[in-house]
Amino acid sequence: MADTLENINPKLYKKIDDRQVTADDENEDIVDEFDSREIFDLIRNINDPEHPLTLEELNIVEQSLIEVDNEKNKINVQFTPTIPHCSMVTLIGLSICTQLLRALPARFKINVQIKPGTHSSESAVNKQLADKERIAAALENGYLVEVINQCVFIK
Amino acid sequence: MMACPMSSVFAEKLSVAFKDDNALIAECLDIALEIQKGHTKLVGLVEELGPFLTDKDVTLRLKGLIALSTVLSHLPKDFLNEIELNFITTFYCDRLKDHHSLIPAVLCGILAIVQMDNLPQDSPSRLFGVMFQHVHCQSHIRQDRKKIYLIFESLLRNRSGDLKAMGPDFVYDVISAMDGEKDPRNLMFLFNMLPYFIKEFPLGHLTEEMFEVIACYFPVDFETTAGKELDITRDAITKALVSCLCAIPQFAEFCIPLITEKLDSDLKLAKLDSLYLLSKGASTFGVDGLKNHLQELWPVLRKEVMSNGDPQIKNTGLEALRELVKALHSNSTVRQSFVEKIITDTRGSLCDVQLSLYWPAEKVLESVATADKDSCIQVLRAIVPLCLGQYSSKTATSDKVALIETLNSFIAISESYNFTIGSLPELTWTDIPYLYLNELTTQDTELKKKILFGLTVQKRSLNELHRTSLYDRISSEIERMNNEIRGVCHTSLLSFGQLYPNEILSVINNKLSVDIDSVESAVITCRLEALTAVARVPELGPEVLAKIVAVATSNNSEKSLAALSCLRKLVSTRNNDFDIHSFLYKEYNAIDRLVTSETGDFNQRLNLISNICRFIVRQLDVEDQQAVVNRYTDILINKISENNVVLLEGLLTPLRRNVYIQNSDTLLENLCNLAICSTSVDARRVSCKLISVLINKMEDGEHLERILNCMRERITDVLESEDSDINTKRATVSLHTWLTKAVITKGSWSSQDYLNYQLNMLRNDRVGYDAALAFTSLADKSEDTLTEENFCNIKIFYKQRIFQNVIQLNSTFDSESRQNYLIAITHLLQEVPHELLFMHLTQLVPLLVESLALDNGELILSTLTTLKFLLKTKNNVFLDQAQAFIPKFLKLSTYKEMKVRITALECLLSYCNYPTISILPFKQDVLDKLATPIDDRKRLVRKVAAQTRTRWFLVGSPGEPK
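Protein chains in written order, with UniProt numbering: chain A, 1 to 155; chain B, 1 to 962.
The hints are simulated quantities; they were obtained by calculation from the structure and are not laboratory data.
Some hints here could point you the wrong way.
What the hints assert, rightly or not - Calculated cross-link-like contacts (lysine-lysine; reagent style DSSO-like; alpha-carbon spacing at most 27 Å): (1) A:K72 - B:K929; (2) A:K11 - B:K394; (3) B:K938 - A:K155; (4) B:K182 - B:K97; (5) B:K459 - B:K363; (6) B:K929 - A:K109; (7) B:K449 - A:K14; (8) B:K303 - A:K14; (9) A:K11 - B:K182; (10) A:K72 - B:K938; (11) B:K923 - A:K132; (12) B:K891 - B:K874; (13) B:K280 - B:K199; (14) A:K132 - A:K109; (15) B:K929 - A:K15; (16) A:K155 - B:K929; (17) B:K891 - B:K872; (18) B:K449 - A:K15; (19) A:K11 - B:K314; (20) B:K37 - B:K56; (21) B:K899 - A:K155; (22) A:K155 - B:K868; (23) A:K132 - B:K929; (24) B:K303 - A:K11; (25) B:K923 - B:K896; (26) B:K923 - A:K109; (27) A:K15 - B:K363; (28) A:K155 - B:K962; (29) A:K15 - B:K394; (30) B:K363 - A:K155; (31) B:K938 - A:K109.
Working from the sequences, and respecting the hints, build out all of it.
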């Protein structure tokens with residue numbers, strides 16, 4: 001495996017601390033809205049397909065690149081590939097999509113895209129990730145599902 | 001010699017005994033005894049056995065041989081002389097050529113004679129010569145192979161000189177004999193014996209053969225389950241095998257290729273074993289054995305220590321690397337060029353602290369640096385400039401933290417070799433203490449912590465100027481409101497205090513004043529905590545403690561509370577350097593000062609003082625305790641009040657059993673009044689506890705019985721009376737619980753009676769619920785009253801007794817009292833030892849199912865909490881009950897209380913660790929139903945729901961974690 005890695009020694013980023021539990025969080029009467037940190041917590045521990053590292057450690061996902069609109073039921077996530085010609089980019093996008101589809105209520109429309117200007121085949125990949133049917137088809141592929149499941153399994 | 005008359009019957013007896021193996025052995029034992037006593041001679045026996053030993057029938061010959069061998073093995077080792085043994089050797093050598101079915105019996109005989117003291121010098125070679133020629137070891141059964149090895153081992157131990165004289169042929173024969181051995185027990189035996197053989201016998205041209213015949217077992221492929229019955233573990237075999245593989249330096253040329261080959265394997269165990277072998281072998285192989293292989297060894301090793309994600313492999317690899325460098329120590333050219341190679345290969349990763357391989361590379365250099373001083377210096381020359389360079393150019397604090405952490409590690413290593421980085425000629429330009437002290441002004445907590453830690457590590461290398469500057473910084477940091485920094489400051493103060501007590505003492509006096517009139521409370525609290533941190537240093541203790549107690553006994557309540565908390569922290573732990581307890585009691589009269597300073601109006605303060613007294617009194621001996629009792633109890637008993645009962649509890653709870661309390665009856669009566677009638681919850685609780693301790697320490701007998709009956713009567717009166725208010729009734733439930741606990745922990749005769757009464761209270765329609773909750777304190781895990789430290793009488797199985805009693809009465813509680821009973825059980829479950837729960841799981845699980853069905857939020861929550869824990873055991877009972885539990889958990893995942901929802905979801909998550917085949921039928925239902933909780937109104941619920949749902953998606957899917 002080490003011989004075929006595209007980026008053997010990527011830069012590492014610090015993990016953020018666990019979210020502090022507030023008094024409001026424990027108050028039964030207060031309704032908590034979904035926010036970008038909550039979405040970030042769902043995807044930051046997804047494993048990178050190549051390295052024994054998480055998407056957060058590689059700075060592929062960032063809280064600041066997540067938008068949540070509770071009223072319109074919309075969630076936008078942008079991610080940054082480690083290098084502009086990274087061949088794993090579709091797989092990473094699919095893993096983020098899959099994790100969010102499984103963990104979030106169906107009322108949300110989830111949109112996962114590459115951060116503009118960070119990948120050579122950005123538009124092609126974005127088109128794939130925006131196409132629900134293509135995602136569904138990808139998740140029919142046993143081999144692909146296996147790899148994605150390994151990525152989204154959080155230890 | 002003529003045979004004695006007695007022996008004439010041997011043949012007859014033996015021929016009868018031949019029909020039965022046990023009888024034969026018994027008979028042989030008798031004969032061995034006869035021979036020892038001199039009643040008969042061995043020669044006589046042989047003559048008698050002659051007809052059998054030469055019979056045409058193989059089975060008869062066998063019986064004869066068994067008889068002879070058995071007799072021989074029961075003779076003392078020094079009994080036979082050289083001539084006799086020579087004769088027997090010849091005899092057995094001939095027998096080795098006989099029919100193959102005789103061989104086991106022959107081996108028995110040989111094993112017996114090789115252990116004898118007077119074995120002729122040429123016997124070993126004669127025996128082995130014939131044995132290796134006629135016996136093919138591996139075609140015999142395990143026990144017989146073992147005998148051959150035993151013969152070998154015995155001679156190796158006692159006659160190695162004679163064996164060496166046999167030359168290389170003997171070595172060859174040994175190798176051939178064990179070649180192909182498969183039984184783990186025999187292998188274990190061989191591996192333990194071989195290192196000696198390999199080291200002692202010149203192997204010559206057979207070195208490689210010897211190595212190959214053991215190397216084929218590496219890495220050990222052995223199922224531990226099979227080994228359980230044999231009492232052999234894979235680890236044990238591996239250890240034994242490894243010490244054979246690296247027994248002599250000559251093995252290096254075969255062993256290192258083996259290591260490189262196996263390191264390349266995909267199997268984790270193969271990698272681990274190879275690294276272990278390298279660690280163990282390096283020092284034996286030495287520079288000569290290693291130097292030609294370093295080229296091939298480093299790349300494979302580098303792969304494991306740099307890129308392997310498995311921490312166990314990485315750490316074993318680092319250990320191997322350290323041993324490897326250590327082994328090169330004697331040849332500085334080889335060592336230096338190897339270390340240089342390592343530095344060159346890791347430099348790329350170290351030049352940017354953000355790279356993912358930075359830390360692996362750093363750890364590699366740490367390993368090298370810990371190998372020996374020269375390597376350490378070589379590494380420091382490379383890494384220190386890299387760190388310092390980046391430190392000045394990097395801007396992100398997280399990077400600076402990592403760099404300081406690296407420097408700290410290397411500072412610690414150089415400290416362990418007793419030199420400083422600045423003392424190296426190439427690094428004199430660095431001024432690390434200056435850099436650290438300078439950077440201490442940073443605002444970042446994490447960075448500041450690391451820098452403080454680093455300064456503490458180099459405490460021996462800081463000059464007085466540095467230290468003064470550091471003390472100034474620490475004294476001001478101590479008063480800031482940052483807990484983490486304060487903690488590091490305290491550790492640092494303690495460290496320097498141990499090394500330079502006078503300096504720290506002057507810091508305390510000049511910079512950390514705790515004068516109550518001039519220093520405000522927030523600051524004084526911080527300073528008191530700092531004083532607490534150094535109070536354990538013997539040179540500082542007396543002065544520091546005096547300061548703390550002075551504040552504690554002052555009349556400023558806020559400041560004294562802070563000081564009391566510090567005191568409690570100090571007395572709650574034992575420490576070996578300085579006996580704080582004895583100092584406080586004897587030298588400083590602290591109990592007096594504390595008790596008399598008590599103003600009686602302040603609850604929190606009172607509790608603290610009581611607590612401190614308890615810790616101090618606990619450490620005193622009988623005489624001192626008696627003195628404390630005599631001094632205070634009289635005053636306190638006669639005017640017992642809601643206030644001073646707290647103090648009394650602190651003083652009396654930790655008494656040794658033979659300390660005498662005057663007027664204890666009056667005391668108990670007063671306490672009983674307080675326990676039932678006091679309006680203060682605290683006073684009631686404390687009184688109950690004190691009664692419990694006193695009763696527990698009393699001797700069983702009429703006196704105790706009378707006191708108990710008296711209290712029981714009062715309790716019953718209150719419970720049955722219509723007039724008593726609910727609070728009084730609750731107080732009596734609590735009192736009875738503590739009485740039950742007192743008698744049951746000491747295993748008193750009245751335990752059963754009290755337990756029955758306790759259980760019956762569950763049926764009480766007014767306080768049944770309170771009685772149920774009281775079961776928590778009955779088996780309280782965090783008990784600090786009835787404990788052995790307080791010299792109470794505690795029987796180990798008392799919780800078991802309570803638990804079994806409660807379980808047995810399952811069927812007697814129905815309708816109204818049923819819920820109380822279930823509450824009592826679930827509360828009890830959280831307190832009893834886990835082993836006990838596992839023993840009764842099958843009885844408990846139906847009760848838990850029942851509890852979940854009742855609509856009582858608290859009961860459901862405590863049941864779920866217990867289940868969450870029990871589910872981790874993966875016991876089969878939960879598979880059987882999955883049909884009951886999983887739908888129930890799903891239903892509770894939308895319950896009205898969020899804690900219930902969360903715990904139910906956690907239980908569902910736990911079920912994912914059960915075998916896929918059993919939980920797969922529930923998957924679709926779980927996924928569908930969890931669509932609701934992932935949209936819960938509370939974020940904390942959603943968090944667990946999302947975790948649980950995404951995990952259930954993996955059940956039975958490709959890539960499911962195992």
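Hints, one by one, checked against the model:
1. Only pairs whose Cα atoms come within 27 Å are accepted, and K72 of chain A paired with K929 of chain B is accepted, the gap being roughly 24 Å.
2. Among the hinted pairs, K11 of chain A with K394 of chain B is consistent with the structure: their alpha-carbon atoms are about 14 Å apart, no more than 27 Å.
3. Between the alpha carbons of K938 of chain B and K155 of chain A the distance comes to roughly 24 Å, so the proposed pair stays at or under 27 Å and holds.
4. For a cut-off of 27 Å, the pair hint linking K182 of chain B to K97 of chain B stands: about 26 Å separates their Cα positions.
5. Pair hint K459 of chain B plus K363 of chain B holds up; C-alpha atoms about 24 Å apart against a cutoff of 27 Å.
6. For the given pair, K929 of chain B sits about 20 Å from K109 of chain A by alpha-carbon distance, which is consistent with the 27 Å threshold.
7. Of the supplied pair hints, the one linking K449 of chain B and K14 of chain A holds, its CA atoms being roughly 17 Å apart against a limit of 27 Å.
8. The straight-line distance between the Cα atoms of K303 of chain B and K14 of chain A is roughly 25 Å, inside the 27 Å bound, and the hint therefore holds.
9. Of the pairs offered as hints, the one joining K11 of chain A and K182 of chain B is violated, with about 50 Å between alpha carbons and a cut-off of 27 Å exceeded.
10. Proximity of K72 of chain A to K938 of chain B is assessed by CA-CA distance (about 19 Å); at most 27 Å being required, the pair is judged to hold.
11. For the proposed pair K923 of chain B and K132 of chain A, the alpha carbon gap of about 24 Å is at most 27 Å, so the pair holds.
12. Between the alpha carbons of K891 of chain B and K874 of chain B the distance comes to roughly 22 Å, so the proposed pair stays at or under 27 Å and holds.
13. Taking the CA atoms of K280 of chain B and K199 of chain B, the gap is near 16 Å; set against the 27 Å cutoff, the hint holds.
14. As the CA atoms of K132 of chain A and K109 of chain A are separated by approximately 11 Å, the hinted pair is consistent with the 27 Å bound.
15. For the proposed pair K929 of chain B and K15 of chain A, the alpha carbon gap of about 33 Å is over 27 Å, so the pair is violated.
16. In summary, the hint linking K155 of chain A to K929 of chain B is supported, as the alpha carbons are separated by about 24 Å, within the 27 Å threshold.
17. Only pairs whose Cα atoms come within 27 Å are accepted, and K891 of chain B paired with K872 of chain B is accepted, the gap being roughly 21 Å.
18. Among the hinted pairs, K449 of chain B with K15 of chain A is consistent with the structure: their alpha-carbon atoms are about 18 Å apart, no more than 27 Å.
19. Distance restraint check for K11 of chain A and K314 of chain B: the Cα-Cα separation of roughly 20 Å lies within the 27 Å cut-off, and the hinted pair is therefore satisfied.
20. For the proposed pair K37 of chain B and K56 of chain B, the alpha carbon gap of about 33 Å is over 27 Å, so the pair is violated.
21. Our distance criterion of 27 Å between C-alpha atoms is met by K899 of chain B and K155 of chain A, whose separation comes to about 24 Å.
22. The straight-line distance between the Cα atoms of K155 of chain A and K868 of chain B is roughly 18 Å, inside the 27 Å bound, and the hint therefore holds.
23. Distance hint between K132 of chain A and K929 of chain B is fulfilled; the C-alpha atoms sit about 23 Å from each other, no more than 27 Å.
24. Between K303 of chain B and K11 of chain A the CA atoms are separated by roughly 19 Å; this keeps the pair inside 27 Å, and the hint holds.
25. At roughly 24 Å between alpha-carbon atoms, K923 of chain B and K896 of chain B fall within 27 Å of each other, so this suggested pair holds.
26. The straight-line distance between the Cα atoms of K923 of chain B and K109 of chain A is roughly 25 Å, inside the 27 Å bound, and the hint therefore holds.
27. Restraint check: the Cα-Cα separation between K15 of chain A and K363 of chain B comes to about 21 Å, which is no more than 27 Å; the hinted pair holds.
28. As the CA atoms of K155 of chain A and K962 of chain B are separated by approximately 12 Å, the hinted pair is consistent with the 27 Å bound.
29. Straight-line distance between C-alpha atoms of K15 of chain A and K394 of chain B comes to about 19 Å, which keeps the hinted pair within the 27 Å bound.
30. Only pairs whose Cα atoms come within 27 Å are accepted, and K363 of chain B paired with K155 of chain A is accepted, the gap being roughly 25 Å.
31. Taking the CA atoms of K938 of chain B and K109 of chain A, the gap is about 21 Å. The hint holds against a cut of 27 Å.
Violation of the numbered hints given earlier is confined to hints 9, 15 and 20; the remaining hints are satisfied by the structure.
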